[in-house]
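*Asks:* For chain V, the structure is supplied; the task is to place chains E, U and F on it using the hints.
Protein chains in written order, with the numbering used here: chain V, 1 to 138; chain E, 139 to 276; chain U, 277 to 414; chain F, 415 to 552.
It is possible that some hints are incorrect.
Said to hold, decoys possible - Pair ranges (Cβ atoms, derived):
id: 1; chain 1: E; residue 1: V179; chain 2: F; residue 2: V420; range: 45 to 51 Å
id: 2; chain 1: E; residue 1: E141; chain 2: V; residue 2: D45; range: 27 to 33 Å
id: 3; chain 1: F; residue 1: M424; chain 2: E; residue 2: Q160; range: 52 to 58 Å
id: 4; chain 1: V; residue 1: E27; chain 2: E; residue 2: Q160; range: 42 to 48 Å
id: 5; chain 1: U; residue 1: V368; chain 2: E; residue 2: R150; range: 30 to 36 Å
I should point out that these hints are in silico values taken from the structure, not numbers from a laboratory. The structure presented is a predicted model; accordingly, all values stated were derived computationally and were not measured. Heads up, the beta-carbon is just placed ideally off N, CA and C, and yes, glycines get one too.
Number of protein chains: 4
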Amino acid sequence: MVEPEVFLAMGREVLAQQGFSQMLGAELTAFGPGRCELQLVLRDDMKQQNGFAHGGVLSYLADNALTFAGGSALQAPVLTSEFKINYVRPGVGERLIVRAEALALSKTQAVCRCEVFALLAGEEKLCALAQGTIVKQS
Amino acid sequence: MVEPEVFLAMGREVLAQQGFSQMLGAELTAFGPGRCELQLVLRDDMKQQNGFAHGGVLSYLADNALTFAGGSALQAPVLTSEFKINYVRPGVGERLIVRAEALALSKTQAVCRCEVFALLAGEEKLCALAQGTIVKQS
Amino acid sequence: MVEPEVFLAMGREVLAQQGFSQMLGAELTAFGPGRCELQLVLRDDMKQQNGFAHGGVLSYLADNALTFAGGSALQAPVLTSEFKINYVRPGVGERLIVRAEALALSKTQAVCRCEVFALLAGEEKLCALAQGTIVKQS
Amino acid sequence: MVEPEVFLAMGREVLAQQGFSQMLGAELTAFGPGRCELQLVLRDDMKQQNGFAHGGVLSYLADNALTFAGGSALQAPVLTSEFKINYVRPGVGERLIVRAEALALSKTQAVCRCEVFALLAGEEKLCALAQGTIVKQS
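This is chain V alone, in the form it adopts within the complex (with noise of 0.2 Å):
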């Protein structure tokens, strides 16, 4: 069994090696099998036309997280192959949080949900739910 601290080295290593996640600032605040949580500060190159975070943030979140909580469930190198999301509130906030979870395994795949939150005055508000497939590679 990989230790707590190990297992969350792991996922961080692998964030710091996605371009993307590092322009974006994300962190990777906790990481277990087949769950994660993933945190960025909310920059105003990150918004769209009305002063909220861009749909696409939000999904950037809901990606990388259904990604890491399934890859962590499968313990092997992981695809994403698609996913849903609903926006429910505007993402307004000094902070974006997502946590994610894996809820059905099979060898070959795990369907995962997640949820991104909005960090407003120290209360989350959601902002967001997924659902998606994270395939092992072949």
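*Replies:* Only chains E, U and F this time, still in chain V's reference frame:
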């Protein structure tokens, strides 16, 4: 009726107000009622650990293209309600291109589809397909 | 506030008016604001060529459960706008059970999730997961 | 190469083995590599409380059409992994028709799309659009 070049100029004005789109260097290369094309140069800071376009960049393009197609079909300020995306090939190339179309229009919403392509050595390769709902702001 | 048994009776009245639900023998076994449970006996005329529950039966259960959960959360006549479903295990058993919940509620819509289980020899097995949008009729 | 009429006959044989499809009276009206058309007569026992086709009937058609399109593209026994469906108009008419197509094919999966129409007084009206993943049985 709005002249095509006026329509395109209006769309580019919206895109110019999106900090995230500016940071990614997205260009609106075609825009008309119910359809749009966006492009961006695939930079290293848009990649994941294997050197492919990060899924979050493809989902950004899908999100934004669906919204522009839906907004131009509804001719009103809109929100992206939801979408689903299937990734079908790693994003490898100099440039990413997305084309979206509104397929079903009502008074309050447009259901749109799009395809994301990677341009490699002059050839477009289909990387992702998405379908989603754009709603009028109430 | 509506008494739980009155709420359930109201839901059953709606279900009784759905010809398709009657034909499939669906029962509303729990119903409250923002949540519901439906069950049906898995008959041979609900199967596909391998003897499993047809995907269309699982998607019927998901569709209906999401709609009941969303409608009871919104407390208004509703339409199912869209949903996505992931199939994770063949539907094998005597009975299918779906449980749905509204997770994000606004004035006009509810985003809901559900899980579909097959009951085999007293044990529930997760067969499908869905997420979708229920909107108020305008 | 398989002759078109042989292909269609093979598809009809599979459909005939689906108890659910038989019960609903679904007919395979066109079938070729990567595409199919299914139809059914809209009966009262396929409706919901407002007299429209139940969403579950539309989702059955989408599910089955995506699977036939994907299976015929992959030319192998398949499973439906997932799909998403958007409902855009109440299903009102004498007959429902679905047409599906495989758009992205790999060795192990096909990503397919379909549209569901209601036939009313000789005119087809778009009722639902779906997109999903069909995978080879491993």
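*Asks:* Take the hints in turn and mark each one as holding or not.
*Replies:* Hint by hint, here is what the structure shows:
no., hint, result
1, E:V179 / F:V420: 45 to 51 Å, "49 Å, holds"
2, E:E141 / V:D45: 27 to 33 Å, "32 Å, holds"
3, F:M424 / E:Q160: 52 to 58 Å, "53 Å, holds"
4, V:E27 / E:Q160: 42 to 48 Å, "24 Å, violated"
5, U:V368 / E:R150: 30 to 36 Å, "55 Å, violated"
Violation of the numbered hints given earlier is confined to hints 4 and 5; the remaining hints are satisfied by the structure.
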